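Peer 1: So you can see what is in the structure, the chains are spelled out below.
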Amino acid sequence: MKITAGGVVAAEWTKFSSLRSTWITTGISVLLLIAFGAIASASFSGDNLSAVDLALSGSIMAALAVGVLGALLGASEYTTGMIRATLAAVPRRTPVLWAKSLVAGLAAVVMMTAGAFAAFALGSAVLNNGVAEMALGDDGVLRVLFGAGLYLGLVAVLGVALGMLVRSSAGAIAILAGLLLIVPGLAALLPDAIADAITPYLPSNAGNAVMALTQSDGSLAPWTGLAVFAGYVILTLVAAAFRLKKSDA
Amino acid sequence: MIQVREVTKRYGAKTVVDHLSFTAQPGQVTGFLGPNGAGKSTTMRMIVGLDRPTSGDVLVNGKPYASSKAPLHEIGVLLEAKAVHPGRTAVSHLLAMARTHGIPRSRVDEVLALAGLSEVAHKRVGAFSLGMGQRLGIAAALLGDPAVVMLDEPVNGLDPEGVLWVRTLLSGLAAEGRTVMLSSHLMSEVSLIADHLVIVGRGKLLADTTVADFVTSEGVRVVTAAPDALRTVIAAPGVTVTSTGAEELFVTGTSAREIGLAAATRGIPLFELTPQNASLEEAFMDLTRDAVEYEAAR
Numbered sequence: 741m742k743i744t745a746g747g748v749v750a751a752e753w754t755k756f757s758s759l760r761s762t763w764i765t766t767g768i769s770v771l772l773l774i775a776f777g778a779i780a781s782a783s784f785s786g787d788n789l790s791a792v793d794l795a796l797s798g799s800i801m802a803a804l805a806v807g808v809l810g811a812l813l814g815a816s817e818y819t820t821g822m823i824r825a826t827l828a829a830v831p832r833r834t835p836v837l838w839a840k841s842l843v844a845g846l847a848a849v850v851m852m853t854a855g856a857f858a859a860f861a862l863g864s865a866v867l868n869n870g871v872a873e874m875a876l877g878d879d880g881v882l883r884v885l886f887g888a889g890l891y892l893g894l895v896a897v898l899g900v901a902l903g904m905l906v907r908s909s910a911g912a913i914a915i916l917a918g919l920l921l922i923v924p925g926l927a928a929l930l931p932d933a934i935a936d937a938i939t940p941y942l943p944s945n946a947g948n949a950v951m952a953l954t955q956s957d958g959s960l961a962p963w964t965g966l967a968v969f970a971g972y973v974i975l976t977l978v979a980a981a982f983r984l985k986k987s988d989a
Numbered sequence: 058m059i060q061v062r063e064v065t066k067r068y069g070a071k072t073v074v075d076h077l078s079f080t081a082q083p084g085q086v087t088g089f090l091g092p093n094g095a096g097k098s099t100t101m102r103m104i105v106g107l108d109r110p111t112s113g114d115v116l117v118n119g120k121p122y123a124s125s126k127a128p129l130h131e132i133g134v135l136l137e138a139k140a141v142h143p144g145r146t147a148v149s150h151l152l153a154m155a156r157t158h159g160i161p162r163s164r165v166d167e168v169l170a171l172a173g174l175s176e177v178a179h180k181r182v183g184a185f186s187l188g189m190g191q192r193l194g195i196a197a198a199l200l201g202d203p204a205v206v207m208l209d210e211p212v213n214g215l216d217p218e219g220v221l222w223v224r225t226l227l228s229g230l231a232a233e234g235r236t237v238m239l240s241s242h243l244m245s246e247v248s249l250i251a252d253h254l255v256i257v258g259r260g261k262l263l264a265d266t267t268v269a270d271f272v273t274s275e276g277v278r279v280v281t282a283a284p285d286a287l288r289t290v291i292a293a294p295g296v297t298v299t300s301t302g303a304e305e306l307f308v309t310g311t312s313a314r315e316i317g318l319a320a321a322t323r324g325i326p327l328f329e330l331t332p333q334n335a336s337l338e339e340a341f342m343d344l345t346r347d348a349v350e351y352e353a354a355r
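So the protein lines, in turn, are chains A and B. So the mapping is simple: the numbering used here equals the position in the first sequence, first residue as 1, plus 740. So the mapping is simple: the numbering used here equals the position in the second sequence, first residue as 1, plus 57.
None of these hints come from the bench; they were simulated from the model. Wrong hints could be hidden among the right ones.
[Said to hold, decoys possible] Straight-line C-alpha distance at most 27 Å; calculated DSSO-like pairs for lysine-lysine:
1. B:K126 x A:K986
2. A:K986 x B:K139
3. A:K986 x B:K120
Treat the numbers as computed from the prediction; the structure is a model and nothing was measured.
Could you build all of it, start to finish, from the sequences and the hints given here?
Peer 2: Printed below as a string of structure tokens:
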């Protein structure tokens with residue numbers, strides 16, 4: 741009998757998978773992704789968005805849902821008091837954060853990648869006649885779909901890190917929603933010169949770069965954008981690890 | 058074994074635990090007593106490293122807890138009943154803890170049976186009563202077959218059958234050579250289980266003693282037809298006699314047996330001869346009176 745990294749990951753998977761709320765939230769995330777994509781694909785008839793962009797119209801809503809999933813997973817340890825049992829079993833503490841992030845991140849990547857492909861398939865089937873059809877083999881389509889899965893997986897990890905950092909579900913969800921939805925809007929209020937310089941680097945804009953088929957002016961390159969977003973996630977994880985290690989549980 | 062060495066914990070200006078030292082030995086049940094707010098829970102959290110002492114240190118089985126390779130095998134704790142995700146079943150909760158250490162599923166079923174929870178193993182914990190929550194907490198504490206078992210207020214919310222179960226269980230664990238420590242704010246509850254008492258008030262050690270030593274005989278109440286004659290008969294160094302009524306005396310420093318024998322040899326009739334033991338509860342209240350944090354106005 742010994743504490744192992746694999747054991748801590750298995751324990752976190754047990755915690756993750758044994759809650760009904762996990763499956764409900766995951767299901768809602770996938771559903772939002774597919775439903776919004778299908779509606780947008782069927783109704784849109786302009787020429788500035790491609791079929792794959794339309795299929796991923798639900799990615800903002802899916803990001804919120806999957807971020808909430810992560811935030812609940814992290815913060816519920818504290819809101820339920822479970823953290824004391826968790827840390828008494830794993831007194832080195834930080835392995836719990838890494839394991840929780842890994843489990844939430846991998847689960848979200850798998851589910852959301854599948855969701856993105858499903859959204860593309862359904863979106864293509866109901867696609868408005870005014871928009872050109874696309875196939876998986878077309879330039880950039882696979883990158884967009886896999887990129888969406890990776891981005892949404894990272895959002896789940898961001899949620900876990902925020903939940904462990906602020907130790908409150910409401911607080912973590914508010915910060916997450918603020919980062920993804922409100923900050924880009926606020927940046928638009930800044931003087932143009934400043935806004936143009938920072939807007940591409942804002943978390944949601946950087947993450948969205950990997951999900952856009954063609955890059956608009958001033959947007960980061962796809963993988964650069966994802967890397968920038970991963971940077972934000974890592975920073976939040978480091979802050980959460982620091983608080984976990986240093987402060988009383 | 059748990060060794061608490063000169064531990065102090067401050068939250069801002071408030072000192073919750075103040076230079077506290079004591080040892081809980083293997084093979085014994087140590088009762089950790091004190092009024093509400095005495096620092097018991099904080100001390101127990103520091104023992105398993107959840108709170109960091111401001112100064113001093115704690116050793117579990119001779120080493121700092123966090124350095125253990127198999128923490129659940131060193132010490133099993135119940136810190137708060139129902140500090141469990143309400144949406145998780147009892148079996149999933151225990152399984153999640155067990156997996157960290159590679160403890161097999163069979164052990165989870167074993168502790169569930171031991172705690173009398175087999176029937177509700179697949180029910181969500183949110184629907185559990187406080188008593189069932191305590192049983193689940195105790196099951197979790199026993200999961201890793203630990204050398205030390207430490208329980209914070211384990212009989213809170215338990216029915217009489219549950220209280221008896223906890224007593225039997227803890228005595229059995231101590232008899233197996235394990236260190237058992239339980240906290241309570243009720244003396245009566247602990248005196249039935251514990252061998253060793255550690256009493257704290259306002260974070261300070263008030264007494265580190267055994268149950269037997271803690272209850273000291275206080276004196277003997279005597280009712281007699283000839284109080285003055287009895288006074289002279291039993292007078293001796295260390296014996297004090299106070300008159301508490303026309304025919305009543307209160308004697309300390311000697312025993313009821315000595316008083317009875319002395320009276321018989323002189324033919325002094327006695328109507329009543331009653332040793333007056335301070336109850337454990339009274340002795341505990343006396344000891345902690347000045348250390349009560351929250352007291353009702355009188």
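Peer 1: Can you give the numbers of the hints that this structure goes against, from lowest to highest?
Peer 2: none
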